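Chains L and Y, in that order, give the protein sequences.
If you're matching positions, the first sequence starts at 1 in the working numbering and goes up one per residue.
If you're matching positions, the second sequence starts at 1001 in the working numbering and goes up one per residue.
Hints in this document: simulated from the structure, not taken from any laboratory.
All of these numbers come straight from a predicted model, not from anything done at the bench.
It is possible that some hints are incorrect.
To be verified - Calculated pairs, EDC-like style, for lysine to aspartate or glutamate (alpha carbon to alpha carbon, straight line, at most 20 Å):
no. : chain 1 : residue 1 : chain 2 : residue 2
1   : Y       : 1083      : L       : 165
2   : Y       : 1115      : L       : 181
3   : L       : 66        : L       : 143
4   : Y       : 1083      : L       : 120
5   : Y       : 1099      : Y       : 1146
6   : Y       : 1083      : L       : 143
7   : Y       : 1083      : L       : 181
8   : L       : 135       : L       : 120
9   : L       : 174       : L       : 120
10  : L       : 174       : Y       : 1021
11  : Y       : 1083      : Y       : 1188
12  : Y       : 1150      : Y       : 1131
13  : L       : 68        : L       : 86
14  : Y       : 1083      : L       : 153
15  : Y       : 1115      : L       : 191
16  : Y       : 1154      : Y       : 1021
17  : Y       : 1115      : L       : 180
18  : Y       : 1083      : L       : 124
19  : L       : 195       : Y       : 1116
20  : L       : 108       : L       : 43
21  : L       : 197       : Y       : 1021
22  : Y       : 1115      : L       : 190
23  : L       : 174       : Y       : 1146
Claimed, not checked - Calculated Cβ distances over 10 Å to all of chain Y for the following chain L residues:
no. : residue
24  : 66
25  : 78
26  : 86
27  : 171
We treat Cβ as the ideally placed atom computed from N, Cα and C, and that holds for glycine.
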Amino acid sequence: MTGVLEAIKAALPSAGVELLTNPSPCAQHSLLVKPADARAVAEFLRDSLGYDFCSNVSGVDWPPRKVKETIARKETVEGVESEVKETVEREIPGYLEAVYHLFSITKKSGLLTLRVRTGDRDGDVSIPSLTPVWKSADFQEREAFDLYGIRFDGHPDLRRILMWDEFADHPMRKDYVAPDDYEYEPTPHDEILAKVKASTEAA
Amino acid sequence: MLDEELKADLQKRGIFVASFEDLYNWGRKNSLWPLQFGLACCAIEMIATAAARFDMARFGAEVFRPSPRQADMMIIAGTVTKKMAPLVVRLYNQMPEPKYVIAMGACAISGGPFKEGYNVLKGIDRYIPVDVMIPGCPPRPEALLEGLIKLQEKIQAQRLFGPHRARHADTANAADYPVPAYGAHDLEPALNPRIFQPDPPRREGE
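If we strip away everything but chain L, and leave its shape as in the complex, we get:
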């Protein structure tokens, strides 16, 4: 992965590519690419590094989240220097992400994971389509468009693929609310059980 990153940096010095490390034991690191450079990076990966097969495209919804960070700083109180740990809460705005899984058939290598992130979740949801680079991304980008609402600029046929065209929502987003066509059922569970309990308590 670092080799790939160095090769990209050498060929495209201005490209915004960074390594996202995965701290878990699987250590599946990925490359985070800026949307503006995604097309150039993808073409370089395909033509120069031999990543000729895009096996999978996924959408990911990242709602706005808060992270707590502990910052240690040194403080001098009455001539005594001590280390004070401070917890700072930082808000990360939400965004949508497309994840590309790349393999090389000719070099028998892979998996290389590419991530491209949108600006936010509502207005700035456009990222360049990689379908012109890997044809196999076509339907899967349409699926990510359908279910997450990521707009892929330059996609040859960006239509909904699973839901009907008149459908307005993006059902795989975390804040999607399913239509309330709940009806009585003999063995309710989960959300419906909660609704039944609430209604019986109210009655």
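Given the coordinates of chain L, work out where chain Y should sit on it, guided by the hints.
Chain Y in isolation, oriented as in the chain L frame:
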């Protein structure tokens, strides 16, 4: 109506007596032509039922028709997604009367494991009348044959005249079932209130 005892007595003496209704129903129950379409994995079991081992031909229902105009029976074999539901209702409307519906499998009956999802219809009986429901996930071919036999019993018992005549024999009932439209969030309407009246859901604050 002919006395059943007298009928059995006559039959013992070699005289077969039947009402027109019995004869008519006997004929059509033994040549139920299903509409040839499958929606999901239940269709595989339906195909197995039609094939040699289970042999639906023994019950006269082997002639799967590729056109709704030639079909008597619709086997809803599988998950009905909301995207597919208007097409199923339209196919049902295109079938000539008398027509019957078998809902095969948990999904076709109630949405099955996808009942709490956003994209699967919670039972095809929301839009079209269902005669036989076969539970199972998927039901075995024997279960489908059992459902077919139940449907045959239902057809045999149907009356063609009089106040209790079957739906198709009553011209006042002849009506299309409205095809739902694709809405912005769900199918519109979400159900046909004329044929589907579930227990009213009790919600918080009502």
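Legend entry - Violated constraints from the hint list, given by number and in increasing order: Those not satisfied are hints 3, 4, 8, 10, 14, 18, 21, 23, 27.
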